[in-house]
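Engineer: Each chain is listed here by its residues.
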Amino acid sequence: MDNYEERFDEWREKGRRLGLVVPKTTWGYVLQDCDGIVIDEREQLSRSWTRNAYNALILQLGGGVTQNTTFGIGKMSSKDTAGSIVPVGTNIGLISNVGGDGSPSYSNETVYGYYGGANIATYGIVVGSSNAAENFSDYKLTTPILSGSASGTLVYQASTITEAWNGGALEYTSTFKRILNNNSGYSVNIGEVGIYARGSYNTAMYIRDVISPVIEVIDAAQLDIFYNITLAYPE
Amino acid sequence: MEEVNGLCNEYDEFFEMGKEFHVPVLDPWLEIEVIKNGIVVDHYKDRSHSWNRNAYNWMMSQLGSVDINGGAVFDAGYINIKNTAGSVQNLSTGVALQYPTTDSYGYKGAAADITVGIVVGSGLGAESFNGYVLGSPIPHGASANTLAYNQSNTPTLAWASGTLTWASSIVRYLNNNSGGTVTVNEVGLYMGGGYSWRNVFGSQFTKYITMVNRDNISASPISCDDASQLRLTYSVSLVYPSPSG
Chain A
1 MDNYEERFDE WREKGRRLGL VVPKTTWGYV LQDCDGIVID EREQLSRSWT
51 RNAYNALILQ LGGGVTQNTT FGIGKMSSKD TAGSIVPVGT NIGLISNVGG
101 DGSPSYSNET VYGYYGGANI ATYGIVVGSS NAAENFSDYK LTTPILSGSA
151 SGTLVYQAST ITEAWNGGAL EYTSTFKRIL NNNSGYSVNI GEVGIYARGS
201 YNTAMYIRDV ISPVIEVIDA AQLDIFYNIT LAYPE
Chain D
236 MEEVNGLCNE YDEFFEMGKE FHVPVLDPWL EIEVIKNGIV VDHYKDRSHS
286 WNRNAYNWMM SQLGSVDING GAVFDAGYIN IKNTAGSVQN LSTGVALQYP
336 TTDSYGYKGA AADITVGIVV GSGLGAESFN GYVLGSPIPH GASANTLAYN
386 QSNTPTLAWA SGTLTWASSI VRYLNNNSGG TVTVNEVGLY MGGGYSWRNV
436 FGSQFTKYIT MVNRDNISAS PISCDDASQL RLTYSVSLVY PSPSG
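Which chain is which? The protein sequence lines are A and D, in order.
Just so you know, the working numbering puts the end of the first sequence at 235, numbered straight through with nothing missing.
Just so you know, the working numbering puts the end of the second sequence at 480, numbered straight through with nothing missing.
These aren't lab readings, by the way, just hints derived from the structure by calculation.
All of these numbers come straight from a predicted model, not from anything done at the bench.
Just so it is clear, CB atoms sit at the ideal spot from N, CA and C, and this is done for glycine as well.
Don't take each hint at face value.
Claimed, not checked - Computed far set for chain A versus chain D, every beta-carbon distance over 12 angstroms: (1) Arg7; (2) Val30; (3) Asp33.
To be verified - 27 angstroms max Cα-Cα, derived BS3-like pairs, lysine-lysine: (4) A:Lys75 with D:Lys254; (5) D:Lys442 with A:Lys14; (6) A:Lys24 with D:Lys254; (7) D:Lys254 with D:Lys280.
Chain A extracted, bound-state conformation (with noise of 0.2 angstroms):
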């Protein structure tokens, strides 16, 4: 643990003793070859909640809705990953208001949210090749890596996610993980890595993680790629 991540639980249990909430997110990966033999593997803290996340998670609990049509400092608002800007009054967040008759469609784990399914890699996590310095106000990654077969493509398999509670430490964790194939034949490089979130009235970058060094998907290889989101609860 470097001295960064000591601070940070530090920072972290402070903020319990007050009373405050405090999420904890890392992210991380494996890569394997086409053997199965893990090449390389990281996980590391992600500082990385972008300002629609602070704009969703501020009218979600204070119960607010949109007010500007502008996105950046001192606006309050939602810009999508195609660069719209969702209407003012809008009510922003993780609202799924559009299941179908009597399918869970509604879900934050299957279908909205996080989850990314097979071949899309416009919702869940995705991956970039550029590895430009992170801004507070991205809304999308730099260069996306489309999911695909041909050159510089990646194949996006569907999201997982798994639950668990860690009754110690009092923590709630959910991970969502994606796994990414190389069959284009040739390397593809990853300088960064989002989380596309899929709400009812738009699609927002949560966070964006730049990726150094970048990561080396040699063909043939298989890259998973996750994030951890854990809270603290007080019991």
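Start from chain A and add chain D according to the hints.
Structural biologist: Coordinates of chain D only, in the frame set by chain A:
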């Protein structure tokens, strides 16, 4: 009586570090003013430490993208919602506040409605993390031991550029037309949420109302004399990272 939390420096330091870590941490406050003849005659303001299990589960659902689980078990290790009637919601969906500008949803109680928004009570019971309803809600009315609940204000948001903070203010006025003094010992925040869906009959909406916060203020109860007014404010603020990053 005037109460202002004395630990502000420690909190300020904590939120300042939050900017560096880029972690969103909400800061709720409760403020109560007693107004008589247009003059504030009593004032209470303190940080609210009373988000309950419903609120934590709601945050976990929103930040962690998880659905309600656990069936009828409302306890450690499960993500679900217990409504103010005591029923546990068993839904294959996340937890979300809905229609915040519409009466009876979000934090917006209609006039005379004590089922949504800020609600007060006379109960003395200790705060409980698993609490889901006030101990003894004070009814709406004009008879003894009642208060007239006005329609909740639509929550307003304000940006403070100096501290890089967004704050939402949830306000409700209550009038004492009872002819006597009414004592408030507890304040709750009831949230109207749910989700919409479709079936062969068309669009449907499944609604739940759940208490997300209860503050026991019986150590410094608020006495509201006849013909006076209460102005109750829950503010929820969030410090943002620096503009540069």
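Engineer: Is A:Arg7 truly not at the interface, in the sense that its beta carbon sits beyond 12 angstroms from all beta carbons of chain D?
Structural biologist: violated (8 angstroms)
Engineer: Are the Cα atoms of D:Lys442 and A:Lys14 separated by 27 angstroms or less?
Structural biologist: violated (36 angstroms)
Engineer: Hinted pair, alpha-carbon criterion (27 angstroms max): A:Lys24, D:Lys254. Please report holds or violated.
Structural biologist: holds (14 angstroms)
Engineer: Against chain D, does A:Val30 keep a CB gap of more than 12 angstroms to every residue?
Structural biologist: holds (21 angstroms)
Engineer: Quickly compare the C-alpha distance for D:Lys254 and D:Lys280 to 27 angstroms and report which way the hint goes.
Structural biologist: holds (25 angstroms)
Engineer: Hey, A:Lys75 versus D:Lys254, does the alpha-carbon distance stay inside 27 angstroms?
Structural biologist: With a Cα-Cα distance of about 18 angstroms, the restraint between A:Lys75 and D:Lys254 holds, given a limit of 27 angstroms.
Engineer: For A:Asp33, is the shortest beta carbon distance to chain D beyond 12 angstroms?
Structural biologist: Fine: 31 angstroms to the nearest Cβ keeps A:Asp33 off the interface.
Against the hints set out earlier in the document, violations occur for numbers 1, 5.
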